[in-house]
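Residue numbers (my numbering), protein chains in the order written: chain B, 43 to 459; chain G, 43 to 459.
Keep in mind the hints are simulated off the structure, nothing from the lab. Fair warning: this is a prediction, and the values are worked out from it, not measured in the lab. You may find that some hints are simply not true.
Since the list gives no way to pick one copy over another, a pair counts as held whenever it fits inside one copy or between any two copies.
[As the list claims (entries may be wrong)] Below, in silico cross-link-like pairs of lysine to any residue (SDA-like), each with a Cα-Cα straight-line distance of 25 Å or less:
hint	residue 1	residue 2
1	Lys168	Thr182
2	Lys237	Leu118
3	Lys112	Glu185
4	Lys237	Asn113
5	Lys237	Arg47
6	Lys112	Asp191
7	Lys168	Pro352
8	Lys195	Gly78
9	Lys129	Leu317
10	Lys112	Gly78
11	Lys112	Glu229
12	Lys129	Val356
13	Lys351	Asp158
14	Lys195	Leu313
15	Lys195	Arg77
16	Lys195	Ala122
This is what each chain is made of:
2 protein chains.
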Amino acid sequence: MTEARHIVIVGGGFAGLWAARALAKAPVRITLLDRGNHHLFQPLLYQVATAGLSAPNIAAPLRHILRRQKNVTVLLGEVANLSPDEKRVLLGDGRTLDYDHLLLASGATHAYFGHDEWAPHAPGLKTLDDALEIRHRILTAFERAEAEDDEAKRAAWLTFAIVGGGPTGVELAGTLAEIARHTLHGEFRRADPRKARVLLLEAGPRVLSSFPESLSAKARSQLETLGVEIRTGVPVAQIDSEGVQLGDVRIAARTVLWAAGVAASPLARDLGVPLDRAGRVIVMPDLSVPGHPQIFVAGDLASIQHEGKPVPGVAPAAKQMGRHVARAIRARLQDRATPPFRYRDFGNLATIGRMAAVVDVHGLRLSGLLAWWFWLAAHVFFLIGFRNRMVVLIDWAQAYWSYQRSARIILGKDRAQ
Amino acid sequence: MTEARHIVIVGGGFAGLWAARALAKAPVRITLLDRGNHHLFQPLLYQVATAGLSAPNIAAPLRHILRRQKNVTVLLGEVANLSPDEKRVLLGDGRTLDYDHLLLASGATHAYFGHDEWAPHAPGLKTLDDALEIRHRILTAFERAEAEDDEAKRAAWLTFAIVGGGPTGVELAGTLAEIARHTLHGEFRRADPRKARVLLLEAGPRVLSSFPESLSAKARSQLETLGVEIRTGVPVAQIDSEGVQLGDVRIAARTVLWAAGVAASPLARDLGVPLDRAGRVIVMPDLSVPGHPQIFVAGDLASIQHEGKPVPGVAPAAKQMGRHVARAIRARLQDRATPPFRYRDFGNLATIGRMAAVVDVHGLRLSGLLAWWFWLAAHVFFLIGFRNRMVVLIDWAQAYWSYQRSARIILGKDRAQ
Numbered sequence: 043m044t045e046a047r048h049i050v051i052v053g054g055g056f057a058g059l060w061a062a063r064a065l066a067k068a069p070v071r072i073t074l075l076d077r078g079n080h081h082l083f084q085p086l087l088y089q090v091a092t093a094g095l096s097a098p099n100i101a102a103p104l105r106h107i108l109r110r111q112k113n114v115t116v117l118l119g120e121v122a123n124l125s126p127d128e129k130r131v132l133l134g135d136g137r138t139l140d141y142d143h144l145l146l147a148s149g150a151t152h153a154y155f156g157h158d159e160w161a162p163h164a165p166g167l168k169t170l171d172d173a174l175e176i177r178h179r180i181l182t183a184f185e186r187a188e189a190e191d192d193e194a195k196r197a198a199w200l201t202f203a204i205v206g207g208g209p210t211g212v213e214l215a216g217t218l219a220e221i222a223r224h225t226l227h228g229e230f231r232r233a234d235p236r237k238a239r240v241l242l243l244e245a246g247p248r249v250l251s252s253f254p255e256s257l258s259a260k261a262r263s264q265l266e267t268l269g270v271e272i273r274t275g276v277p278v279a280q281i282d283s284e285g286v287q288l289g290d291v292r293i294a295a296r297t298v299l300w301a302a303g304v305a306a307s308p309l310a311r312d313l314g315v316p317l318d319r320a321g322r323v324i325v326m327p328d329l330s331v332p333g334h335p336q337i338f339v340a341g342d343l344a345s346i347q348h349e350g351k352p353v354p355g356v357a358p359a360a361k362q363m364g365r366h367v368a369r370a371i372r373a374r375l376q377d378r379a380t381p382p383f384r385y386r387d388f389g390n391l392a393t394i395g396r397m398a399a400v401v402d403v404h405g406l407r408l409s410g411l412l413a414w415w416f417w418l419a420a421h422v423f424f425l426i427g428f429r430n431r432m433v434v435l436i437d438w439a440q441a442y443w444s445y446q447r448s449a450r451i452i453l454g455k456d457r458a459q
Numbered sequence: 043m044t045e046a047r048h049i050v051i052v053g054g055g056f057a058g059l060w061a062a063r064a065l066a067k068a069p070v071r072i073t074l075l076d077r078g079n080h081h082l083f084q085p086l087l088y089q090v091a092t093a094g095l096s097a098p099n100i101a102a103p104l105r106h107i108l109r110r111q112k113n114v115t116v117l118l119g120e121v122a123n124l125s126p127d128e129k130r131v132l133l134g135d136g137r138t139l140d141y142d143h144l145l146l147a148s149g150a151t152h153a154y155f156g157h158d159e160w161a162p163h164a165p166g167l168k169t170l171d172d173a174l175e176i177r178h179r180i181l182t183a184f185e186r187a188e189a190e191d192d193e194a195k196r197a198a199w200l201t202f203a204i205v206g207g208g209p210t211g212v213e214l215a216g217t218l219a220e221i222a223r224h225t226l227h228g229e230f231r232r233a234d235p236r237k238a239r240v241l242l243l244e245a246g247p248r249v250l251s252s253f254p255e256s257l258s259a260k261a262r263s264q265l266e267t268l269g270v271e272i273r274t275g276v277p278v279a280q281i282d283s284e285g286v287q288l289g290d291v292r293i294a295a296r297t298v299l300w301a302a303g304v305a306a307s308p309l310a311r312d313l314g315v316p317l318d319r320a321g322r323v324i325v326m327p328d329l330s331v332p333g334h335p336q337i338f339v340a341g342d343l344a345s346i347q348h349e350g351k352p353v354p355g356v357a358p359a360a361k362q363m364g365r366h367v368a369r370a371i372r373a374r375l376q377d378r379a380t381p382p383f384r385y386r387d388f389g390n391l392a393t394i395g396r397m398a399a400v401v402d403v404h405g406l407r408l409s410g411l412l413a414w415w416f417w418l419a420a421h422v423f424f425l426i427g428f429r430n431r432m433v434v435l436i437d438w439a440q441a442y443w444s445y446q447r448s449a450r451i452i453l454g455k456d457r458a459q
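Isolated chain B, as found in the complex:
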């Protein structure tokens, strides 16, 4: 019997975790490396950022998920460097991992289009720490407004600008409008949260541009009903601690959130292969890296077309890619040819706010309450763990009836602002 091949998986998100699980019965030794100790249900991250759910509700420890799969070792650590020629991963603390096959699934982070100086003024939303930072800023802004005597300064604390009209920007804007109009109503004595302005700034011509135009228009009118002001067609020129410059217009906003751009994990550069504009690895049809057949890329880090369209950076695509890489590795172990990746498109959902969403599934187009129920059922169903599903349902039921949000806690007095 030969020694089991060593598979190193970088990243415990949807792609990495689904690949590890799909290799449960393969005669391999797997090391799953992640910077955090948990798998994150990223589609509900905006709920943590807006105090609707607490952080542990949408995360589960990777060790616990994989405890019964004895061919996996979970390792907490950060990759410092990849050496594809030596088939070696160097970790930040100096340890090294030698692999037979490598899966890079370290995902994406937010990008500021060459304006990294905007980062401290406009946090993005990719990790639980990001979400807690945003929650902190939102809750603190209302407190600062209440403490402020000057009318103009108070208005700036009550103005929230969200940059980027994709799904994350729309979710944040819709939820913030609900918080201002309903959740906080009657709880302040000087500032009136209903006077808060929520602006959604999109450089392109419409919000939710990955949806058909008719649903973009529905989303726009649902957002406006919730009280969101939408500005399309003008890119953001400047962001600082006091607000946003939009073309010739200056918007005084003490809270700016970034939902505009993503860039692939910088690890991709270590491979020395062509990347796309967003820094993602342009992979072969079987998701391997050109010139490095023992390395695969999956999830948000992979750039691939299917039927002439780019595969989108969404959870179902990442899971499918992860499972495909497991199949490809098994084929390699048996010296079979690796099949090409085929993306199965289940459709496109986006939630907007209270009882508002849009759904585009195989030509079926829904908006409003029905779409919202559809979105809700899908998201609760895919959450990992019975307990998380129960608690999220309770939190949502309570939020629905009372407009209250369960995690309105300001933590960490040393945080920025």
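Based on these hints, arrange chain G on the given structure of chain B.
Frame of chain B; chain G shown alone:
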């Protein structure tokens, strides 16, 4: 009609919040000042520190609790200075509050008996931020043990020393032993969490010294059954990043938690009146401050005897004091004499761990499973908010059956260690 008197309450804990609520119908204007935005259910803080509950489960926004009580304004801020003679409170941001009556209920913090240099190595447990810091250290210690090749260093990462054998120390030790023996079992490949050592260090002769000796002995044997090593009678001589010095014995422990000493909030010193050894204000029988009849002190900051025994620093005493101060203020407004505070002692409960607790209620002494059910019912009943009770019950039921803990998430990579 004269203008309503202004009551300033410093601190939204049990004393401050219960005083504010008891003044709901009084013809006064109340400002409730707190450093955080939430009321904290401190008796369950150790559950957040040990990843059993998430932070928002045991906290509720003060604004939300008091939203319908229109004579209260909640203010987020920190007191810089008290000027009793000018009847004025100076806030950290330069604002001032002039009062007719002041209630100081800013509680206690942990104290290191003149060894403040121990603080970074042995965090205490008073706030949600403290609890999240302790959770971070506990979860990270097991990860560091798993990554460590050296046997002795790994053992040091798997050694947890808790200083102080009062209720908090006992709760932390019992829960940590359960985590090591059950929760994490089978999830690590190199380190064996069952080899973890949990030491409870108490300088006095016995743990839970506020209970009768028979219950202390019961607690000790229940802790030992759970796997906790108890050392009594020797004070800690030194704490650093590598461990603890206990008399002549050096204990290599990378995680040290402080549950030994509390000191009153330093605000007490601004009053210029005699304080007790722990820095608490020695109050008059009606809880007012000697020489300053318009200032009251309640909760952990107040030092008072009742029937020859000091009133303990527990939640029921703080609530009773808060309500008493409300009564005293109403009496002052009507020029009536203020009644003396009478403490109604409901008894003493302490939880130890899984199915283990001790109860001493009016001579009724329980230990073990029955005491544990008693403790559990009392604590769920007193939690604020229907949703919190539901979610805490679900988390506990799941923890009971599966030994799992719902908040095992490592957050904040910039935290210490």
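A quick look at each hint next to the structure:
1. In this assembly of identical chains, the alpha carbons of Lys168 and Thr182 lie at most 25 Å apart whether taken from the same copy (21 Å) or from different copies (22 Å).
2. Proximity of Lys237 to Leu118 under the C-alpha cut-off of 25 Å is restricted to the inter-copy arrangement: shortest distance 20 Å between copies versus 45 Å within a copy.
3. In this assembly of identical chains, the alpha carbons of Lys112 and Glu185 lie at most 25 Å apart only when taken from different copies (18 Å versus 50 Å within one copy).
4. In this assembly of identical chains, the alpha carbons of Lys237 and Asn113 lie at most 25 Å apart only when taken from different copies (22 Å versus 56 Å within one copy).
5. With identical chains, the CA atoms of Lys237 and Arg47 are never at most 25 Å apart, being 61 Å at best within one copy and 30 Å at best between copies.
6. Taking identical chains as interchangeable, the C-alpha atoms of Lys112 and Asp191 lie at most 25 Å apart only when they sit on different chains, with a minimum of 20 Å there against 61 Å within one chain.
7. For a Cα distance limit of 25 Å, the shortest separation of Lys168 from Pro352 inside one copy, 21 Å, qualifies, whereas the shortest one across copies, 51 Å, does not.
8. Taking the closest pair of Cα atoms, Lys195 and Gly78 come within 25 Å of each other only across two copies (22 Å); inside a single copy the shortest separation is 38 Å, beyond that limit.
9. Taking the shortest Cα distances, Lys129 and Leu317 sit within 25 Å of each other inside one copy (20 Å), while across copies they are farther apart (67 Å).
10. Within a single copy, Lys112 and Gly78 get their C-alpha atoms as close as 20 Å, which meets the 25 Å cut-off; across copies the closest is 45 Å, which misses it.
11. For the identical chains of this complex, Lys112 and Glu229 are inter-copy neighbours only, at 9 Å across copies versus 52 Å inside a copy, given an alpha-carbon limit of 25 Å.
12. For the identical chains of this complex, Lys129 and Val356 are neighbours neither inside a copy (29 Å) nor across copies (60 Å), given an alpha-carbon limit of 25 Å.
13. Taking CA atoms no more than 25 Å apart as the test, Lys351 paired with Asp158 passes in neither setting, with 30 Å inside one copy and 62 Å between copies.
14. Taking the closest pair of Cα atoms, Lys195 and Leu313 never come within 25 Å of each other, the shortest separation being 49 Å inside a single copy and 35 Å across copies.
15. Only between protomers do Lys195 and Arg77 lie at most 25 Å apart by alpha-carbon distance; the minimum there is 22 Å, versus 39 Å within a single protomer.
16. For the identical chains of this complex, Lys195 and Ala122 are inter-copy neighbours only, at 24 Å across copies versus 44 Å inside a copy, given an alpha-carbon limit of 25 Å.
When the structure is compared with the earlier hints, violations turn up for hints 5, 12, 13 and 14 and for no others.
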